[in-house]
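Chains as they are written, first to last, in our numbering: chain A, 1 to 319; chain B, 1 to 319; chain C, 1 to 319; chain D, 1 to 319.
Hints in this document: simulated from the structure, not taken from any laboratory.
Where is the CB? At the ideal position from N, CA and C, for every residue including glycine.
Please note that the accuracy of each hint is not assured.
Unchecked claim - Computed footprint of chain B on chain A; a stretch qualifies when at least three of its residues, placed anywhere within it, have a C-beta under 8 Å from a C-beta of chain B:
(1) 56-69
(2) 79-88
(3) 132-145
(4) 151-162
(5) 189-196
(6) 221-234
(7) 271-281
Protein chains: 4
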Amino acid sequence: MSEPCHDIAHLAHVELLTDRFDESLDFFTRVYGLSVSAQGEGVAYLRGYDDYEFHTLKLTAAGTTGIGHVAYRATSPEALERRVVAIEALGCGIGWIEGDEGHGRAYRFNDPDGHIFEIYYETRRAEPAEGQKSALKNIASRYHGNGVCVRRIDHLNLLAKDVSAIRDWMPKALGSRVTEYIQLDNGRLGGCWFTVNNKTYDVAYTEDHSGMSGRFHHVTYAVDQREDVLRAADIFLENGVHIETGPHKHAVQGTFFLYVYEPAGNRVEVANAGARLILAPDWEPVRWTEADRRKGQAWGLKTIDTFHTHGTPPAPAKH
Amino acid sequence: MSEPCHDIAHLAHVELLTDRFDESLDFFTRVYGLSVSAQGEGVAYLRGYDDYEFHTLKLTAAGTTGIGHVAYRATSPEALERRVVAIEALGCGIGWIEGDEGHGRAYRFNDPDGHIFEIYYETRRAEPAEGQKSALKNIASRYHGNGVCVRRIDHLNLLAKDVSAIRDWMPKALGSRVTEYIQLDNGRLGGCWFTVNNKTYDVAYTEDHSGMSGRFHHVTYAVDQREDVLRAADIFLENGVHIETGPHKHAVQGTFFLYVYEPAGNRVEVANAGARLILAPDWEPVRWTEADRRKGQAWGLKTIDTFHTHGTPPAPAKH
Amino acid sequence: MSEPCHDIAHLAHVELLTDRFDESLDFFTRVYGLSVSAQGEGVAYLRGYDDYEFHTLKLTAAGTTGIGHVAYRATSPEALERRVVAIEALGCGIGWIEGDEGHGRAYRFNDPDGHIFEIYYETRRAEPAEGQKSALKNIASRYHGNGVCVRRIDHLNLLAKDVSAIRDWMPKALGSRVTEYIQLDNGRLGGCWFTVNNKTYDVAYTEDHSGMSGRFHHVTYAVDQREDVLRAADIFLENGVHIETGPHKHAVQGTFFLYVYEPAGNRVEVANAGARLILAPDWEPVRWTEADRRKGQAWGLKTIDTFHTHGTPPAPAKH
Amino acid sequence: MSEPCHDIAHLAHVELLTDRFDESLDFFTRVYGLSVSAQGEGVAYLRGYDDYEFHTLKLTAAGTTGIGHVAYRATSPEALERRVVAIEALGCGIGWIEGDEGHGRAYRFNDPDGHIFEIYYETRRAEPAEGQKSALKNIASRYHGNGVCVRRIDHLNLLAKDVSAIRDWMPKALGSRVTEYIQLDNGRLGGCWFTVNNKTYDVAYTEDHSGMSGRFHHVTYAVDQREDVLRAADIFLENGVHIETGPHKHAVQGTFFLYVYEPAGNRVEVANAGARLILAPDWEPVRWTEADRRKGQAWGLKTIDTFHTHGTPPAPAKH
């Protein structure tokens, strides 16, 4: 086995499309508790209170919903170059862009299902306004306590027609490791979880049965405690946000989860992983079978049907 | 700046010396909630329920207290060799040992204060007894719920006469990064926190005023939630364990802490870091001044005097 | 409106029948965390660590499952006499019994669905064994930390064919107040929650559709924190206990709940009510409609079917 | 022993004086999370989100700090009359007042240390503005999540020169029970905790060494979980509120506490009692000695000096 690759440091940001921009922005700021780093016509750059970068969520007004692009930050300028070489060799490269409000030049490419990824190194730090600096020196911005008040971006979940293709591609493109996966009885992969660092996963892919490609399942921000997830449930309830399922604990990865739909329909999660990390350099991926999955989530909750069908943009209704 | 080093994967285990072996073993198993992987005459190999290795604490009967050695696991056999070369170049190498119950051959060396470290790659996985396998496939052993039931080893704290020397040495020896430090008004370092991975720290050094060298401050296991720390406080209280300080939140690193003395006097911590990780590849070390430290811990608790003086083995009483 | 009655102080204990005595006892002690106050042939007297009376659960070996009797403690000897007069006037009295291990003479009577109740005043205090005394003077026994380690009995839920009849009877018999109820579209009561003190409820009745009478739905012990309920879920999971539903928050009464079946099939709950109490002397009962209930539990969880059908003893299977 | 008295239902509200009205109001609303029921020149009527009455805190601009008056609500009009008779017989009555924004006519009287109390029955319910109604029918107002977002008033602590006199007087005046007390080595009472219902206490008195009378120690609102107290600590920290001590667990009463000073200097607590209630009708008061108290708080925290000296209005500085 070759040595683990560390060219990519971490998931950096997600661009989310919304056809109800004002309502989505209200949700992400007032209810979910992200801060606005910058805002323009039909675009907002948002971050959790302890995200160290300028933005981890870019909200973009569009005619539809779903994902714009996913960005990872490289470990160094040299590591960025190494990844570009590797990605171009895979034949899925798109090319360099100038950068964005929150970072410098970035290299874009496609995953096998057509989602757009980008990697970059040069970044811009979060710049808390004067009253938003923390009393503690080691937090990017103060714990403001507004809404759910999520701490930092944690991971995202994309849909793909062929998860096996993603499993083969992702380690080559980003140097990610597979930490857990679902092996269906038909031999296909039902889902696959990847990480580039010690987090248990930074991106998951699950099978898309809609016939569409490039779809989005959810984006997740981390909170410090499970109690923060329970508190979030009350905040969502009292603000009329549609709670899809949770709070409960996933069997896969053990994440304590809560899923809601933001006003435009994109699924958003609040999660807590406890002290769980992947520290073993030779972690053996955990295989879950259909028989395992029939037991439901960790404490027996049956997975809600929409969790297997709802993605954004939505699939056309079946007749 | 050079690229981060990833030769060392994580803190692996700590050997703790005790002159009250039976009582210490009773504390670590029945009260603290570690499991016994193996036990012999005057030695026990212990692990948290989700430690993936055979042992993370080696308890050794001795005529004194303090630390036997500290072990880190390398990322690969090649990485191990690279580190040995680097360490030997530093002139602090001791040499190879055959290994131990829980791992293969290891290279030993000294830090500038005389503590013994070792690094190895070949390891032995935790082998839960039949009734101790978890209902979940991604946990090393089941959540047994006994005592504090800590999840996994988190970090340790050593004392050193010259913390600045450690700050210079540690990145060269293990490839660690400095994440936070205390700069005293006299120019010396009061404390320094290091990590080899995305954890906020895996070892801390604080200044030893006793004139002794090679002393131990504490070892820490992580629990998933702050509530587990609060629950631990009641378990310690009801079992007559000396609680030194906490639960409270450190300003430095933001750790939610609780410190006790095990029966032989070694300090042991139960801690929760929330969702805090060091993900930035270019993390700028956080500097704390004496003025900062005078504010006490995060929520104002004055640091208890013994925290600055008690280490093991204990210093001779002053006259 | 007449003044509230305070003749009855609190729910005191529940006698539960089991046709798998040894397994049930193992569950209630090792997993659920009750302590044994006394044990005999086919009978065990159990209590939570902070139950002040000798026992709050009497486990009795029987040919079936379900409830033996329910006991409440009166506020004073005089209050006990007043209640007996009132109950006899209702025509549902059974008569005095000598008492039991944990209390003095008691008056027994039937509710309209045939469950057996008893009331008494003279009690016996919990007598922690020497090593089980708490380090704190205001707790009945020490927080031992074993299993779920529930604090004290909280409430029970009985099934009844005619909940409206119970609603009329209970305030007259025990002086209870109705705090919440479910009004079905057909005019019947689907459920009704009662309390004799400031707890939000000490007994609930829900409609029994089985055609049987005198059946039991569940008994509940309180834990201090919601985190204790989440922790209980892991303990149940790792001990192979059937988790029926939860953890989640009830819309009715706002209780954070977790339901399991003990080995004989009796439903048992672990719950946390937060700081919620009924302090208003003129509390207006909260009415829930079928439309309300269709929203599911507080955070949208659909109530699991068995919650409406499973009681003990079980109803014969339908053909 | 006579039967317990239930004439008084619960602690209703506290009037707090402030010489920094605007800053105090900002603290209590934006940081502490109370809602404004009504506001006038130099006066504000505030409540927690699940306080069922119009107000539980009356904030009054004044030339000093400390307490205006303490109010309890009677169980019924008849019970109110009974209490007035009893209080007048004690010779400490002041007389009837017309009422206030939040309640009808009230009877005022003095405790032996000169604090003003009032009792009333006719009340006004909290009237949440349209957007402040809860999605759940059994909560007085919605969980808004702003600031600490305390649930309901819990208790207050007054200072008195002669706590023994209070212990004798309170059960006669309000029908309260003593639940715990501190017996000093000199025979005096250092503190005494009282309740009129199943809460463990609704008022505490501790000894005032200042030579002054009628002073205030603190008022407390309850939150549902200990995690809410920990979260409050971060909110106070980030808003520059002076944290005096905590979070920690009191040995007396077992309350999980956090004390701060609002801008005018009045001490305010956020607390959680877990599932602890006084349900026994014949609860034996718990006696704590000086030897007990020397052990510090439950987990060993030394009680901070100001906790024994700071009250409002402040005592003149000693020379």
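We went through each hint and held it up to the structure:
| no. | hint | result |
| --- | --- | --- |
| 1 | 56-69 | violated (count 0) |
| 2 | 79-88 | violated (count 1) |
| 3 | 132-145 | holds (count 4) |
| 4 | 151-162 | holds (count 3) |
| 5 | 189-196 | violated (count 0) |
| 6 | 221-234 | holds (count 6) |
| 7 | 271-281 | holds (count 9) |
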